[in-house]
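Visitor: Residue numbers (our numbering), protein chains in the order written: chain Z, 1 to 542; chain V, 543 to 715.
Some hints could be false.
To be verified - Just some of the chain V residues that point at chain Z, by a computed CB distance under 8 angstroms: (1) Val-572; (2) Leu-576; (3) Leu-617; (4) Ala-627; (5) Phe-631; (6) Ala-643; (7) Asp-651; (8) Val-657.
Think of the hints as simulated: they come from the structure by calculation, not from any bench. All values reported here derive from a predicted model rather than from experimental measurement. All C-beta atoms, glycine included, are put in the ideal place defined by N, C-alpha and C.
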Amino acid sequence: MNITSLAPLAVVLPILGAALTFLLIHHPRVQRAVSIAVLTLTLLLECWLLASVWDGGTAAVNIGGWLPPWGVVLVVDQFSSLMLVVSSAVSLAVLIYATGQGMADGDRDAPVSIFHPTYLILVAGVSNAFLTGDLFNLYVGFEILLTASYVLITLGGTGPRIRAGVTYVVVSVVSSVLFLIAIAMIYGATGTINMADLAIKLGDLDQGTRTLLHVMLLVAFGIKAAVFPLSFWLPDSYPTAPAPVTAVFAGLLTKVGVYAMVRTETLLFPGDALNAPLMVAALLTMVVGILGALAQSDIKRLLSFTLVSHIGYMVFGLAMSTVAGLGAAVFYVAHHITVQTSLFLVTGLIERRGGSSSMDRVAGLAKLSPVLGVLFFIPAMNLAGIPPFSGFLGKLGLLQAGVELGTPLAYALVIGGVLTSLLTLLAIARVWNRAFWRKPGDAEHPDPVLLAAPADSATGDRAGKTNVTLLPRTMVGSTLGLVVFGVALTVFAGPLFRVADQSAQEMLDRTSYIQAVLGPDAPVPPVPPSLHPAQVREGGGK
Amino acid sequence: MSVNLTLLTVMGALYACGIYLLLERSLTRVLLGLMLLANATNLLILATGGYAGLAPLFDKDTAAGDYNDPLPQALILTSIVISFAVTAFMLGIIYRTWVLARQDEIQDDAEDRRVAETPSFDAEDDSVIPVETSEFPLATVMSGDRAVRADKAASEEQPGSLNVDPSPEGGGE
Numbered sequence: 001m002n003i004t005s006l007a008p009l010a011v012v013l014p015i016l017g018a019a020l021t022f023l024l025i026h027h028p029r030v031q032r033a034v035s036i037a038v039l040t041l042t043l044l045l046e047c048w049l050l051a052s053v054w055d056g057g058t059a060a061v062n063i064g065g066w067l068p069p070w071g072v073v074l075v076v077d078q079f080s081s082l083m084l085v086v087s088s089a090v091s092l093a094v095l096i097y098a099t100g101q102g103m104a105d106g107d108r109d110a111p112v113s114i115f116h117p118t119y120l121i122l123v124a125g126v127s128n129a130f131l132t133g134d135l136f137n138l139y140v141g142f143e144i145l146l147t148a149s150y151v152l153i154t155l156g157g158t159g160p161r162i163r164a165g166v167t168y169v170v171v172s173v174v175s176s177v178l179f180l181i182a183i184a185m186i187y188g189a190t191g192t193i194n195m196a197d198l199a200i201k202l203g204d205l206d207q208g209t210r211t212l213l214h215v216m217l218l219v220a221f222g223i224k225a226a227v228f229p230l231s232f233w234l235p236d237s238y239p240t241a242p243a244p245v246t247a248v249f250a251g252l253l254t255k256v257g258v259y260a261m262v263r264t265e266t267l268l269f270p271g272d273a274l275n276a277p278l279m280v281a282a283l284l285t286m287v288v289g290i291l292g293a294l295a296q297s298d299i300k301r302l303l304s305f306t307l308v309s310h311i312g313y314m315v316f317g318l319a320m321s322t323v324a325g326l327g328a329a330v331f332y333v334a335h336h337i338t339v340q341t342s343l344f345l346v347t348g349l350i351e352r353r354g355g356s357s358s359m360d361r362v363a364g365l366a367k368l369s370p371v372l373g374v375l376f377f378i379p380a381m382n383l384a385g386i387p388p389f390s391g392f393l394g395k396l397g398l399l400q401a402g403v404e405l406g407t408p409l410a411y412a413l414v415i416g417g418v419l420t421s422l423l424t425l426l427a428i429a430r431v432w433n434r435a436f437w438r439k440p441g442d443a444e445h446p447d448p449v450l451l452a453a454p455a456d457s458a459t460g461d462r463a464g465k466t467n468v469t470l471l472p473r474t475m476v477g478s479t480l481g482l483v484v485f486g487v488a489l490t491v492f493a494g495p496l497f498r499v500a501d502q503s504a505q506e507m508l509d510r511t512s513y514i515q516a517v518l519g520p521d522a523p524v525p526p527v528p529p530s531l532h533p534a535q536v537r538e539g540g541g542k
Numbered sequence: 543m544s545v546n547l548t549l550l551t552v553m554g555a556l557y558a559c560g561i562y563l564l565l566e567r568s569l570t571r572v573l574l575g576l577m578l579l580a581n582a583t584n585l586l587i588l589a590t591g592g593y594a595g596l597a598p599l600f601d602k603d604t605a606a607g608d609y610n611d612p613l614p615q616a617l618i619l620t621s622i623v624i625s626f627a628v629t630a631f632m633l634g635i636i637y638r639t640w641v642l643a644r645q646d647e648i649q650d651d652a653e654d655r656r657v658a659e660t661p662s663f664d665a666e667d668d669s670v671i672p673v674e675t676s677e678f679p680l681a682t683v684m685s686g687d688r689a690v691r692a693d694k695a696a697s698e699e700q701p702g703s704l705n706v707d708p709s710p711e712g713g714g715e
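Construct all of the structure, not just a fragment, from the sequences and the given hints.
Guide: What follows is the structure, encoded as structure tokens:
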């Protein structure tokens, strides 16, 4: 039996786990063990899936025995399995962090006990969105993860969380309605919602209809991926949620939007019809996002703005539609999921250790907790793109692809990318200077107990360097694990970049995807002629 | 594909009302707007199925073209369930807002407003520093005298200390 036929388990396992943890709601210990075991199992399965497609090849699984294009298919290729592995690894680390936080704070309260089932459903939705080969099933995957995220973002139901939740829910529902309208119109125009079948049939539509459907899908996914000017909701809604929730949202949810954009651009609407507007959007996302980050004084909000800003890099890579650009974008997505999540997890630790995540209140952490300093420094430098970290490699790949493309717009994006990288370094340096290097007394409103020097502290070891109540070992350990995973992406950047480039090649070529779903005899329509000859450099065909 | 005009008109009206309500500040109206949008979209999906035909139950004597297209209805069923869940959740949120704030209006983000009102002058980044505040002043490092260094370092701890050589590093060369 082929391993890829087990692909549905990546969705089914977390859902079954969610049901089980929901039944175990009054047994927190068992609940924690079950959810961690389920996610570990899912991660192992997904590693196996990735290994089976590591050297190329695409496999499709027909769900329920219906043959495509009528039934729902799940498609495992290099890009989707890579995303699955990275997202599951990150969600496992966040889950362990969250259980550590729950154990430290006592999680007998009702809201926290629904965390585990909801979290597993979120993971199932993310896996479904990555695996599906059916447009409506992609919508269902989005709805599964969004509905779970509505619950997580308003966890506990405090005033600020409800306020943030309202913005988040309304914006998400509107983007989902747009997506559904686009699906209805695509079905009306072509009579199919199977993505491989659509790849063949959309090419027969006239240019106007194609562009309308293309724009509608891009707007719907642009809201989910937080591409400027559709990114306004993100910095308003993410920072108020609990630290692990913000971390997993920042890492995964926007990337699912980026993933959907990549699939749409490469599979359904190949060619460069909308590449110029996408590049402009990418440039604005990068620059406006990072300028917003510079104005913030709260670390969580600052990181939310850097998140928006760095989505611009991925859209830039996508908009080039060359193998080099798309490959670098795939690598950048994997890097950014890991790094952004670890930064939010560290911010959660900063909040516990320093009493706040506001830079007006936190200071002197480098002396009080050197471990925290190291944990923040490595992913922060990685995010800013300092050599030799994976952030540098990803940005370098994007900039090289931009220079190779050689259009004026691509050069503008290259300059914007370098500028954004430098401004990210500035924003991160501000956090470092204030939260870590400044003396506690220099902060505007320092916490007198938490930030007191160990010798002066009346509370004894409460402010000590190895304080297990303030920094539980589980939380520090899982954050460390994720930071190490981020560094591992740097160490293994060679093979990873090779897989990313191969997957980009396959996505631009489309043959393996379409033939895996519809059978080896399926006709593969040619990619429409490009406006810029440089763009079909390698991606045209085998 | 032929389209039912009544269905199309109703759909347009639902979209118009839905978008109007969505732009209101009252949460209940926003929710009503979202529900209208979801139902308008259901009508749109229904319209993509073409004219109503026979129920899609297999019968040997019926030609394939006479059946209704079942797929859009399956899609609508899914989307109804999803919008049901979202509506229930939104009602919960509206109730919670009412319990917390005694009003069902969308609140401003306090931190966002605070950042917007912050002046561009940042005391920490932009103000002129009157004296050298480093813990390792240049003069003591160059003097090499341990006693002097300890003495100076101690006086250094007081803010506003004048016991520092203010000359910049390498300024004379």
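Visitor: Run every hint past the structure and note whether it holds.
Guide: So, going through the hints one by one against the coordinates:
A least Cβ separation of about 6 angstroms between Val-572 of chain V and chain Z falls short of the 8 angstroms threshold, and the interface hint therefore holds. Proximity of Leu-576 of chain V to chain Z holds as hinted, the smallest CB-CB distance being about 5 angstroms (cut-off 8 angstroms). Because the smallest distance between the Cβ of Leu-617 of chain V and any Cβ of chain Z comes to about 6 angstroms, under 8 angstroms, the interface hint for this residue holds. Checking Ala-627 of chain V against chain Z by beta carbon gives a least distance of about 6 angstroms; that is within 8 angstroms, so the hint holds.
Of the supplied interface hints, the one on Phe-631 of chain V holds, with its beta-carbon coming within about 6 angstroms of a beta-carbon of chain Z, less than 8 angstroms. For the restraint placing Ala-643 of chain V at the interface with chain Z, the shortest Cβ-Cβ distance is roughly 7 angstroms, inside the 8 angstroms limit, so the hint holds. Given hint, Asp-651 of chain V at the interface with chain Z, holds; its Cβ is 5 angstroms from that chain's nearest Cβ, closer than 8 angstroms. Because the closest C-beta pair between Val-657 of chain V and chain Z is about 6 angstroms apart, less than 8 angstroms, the hint holds.
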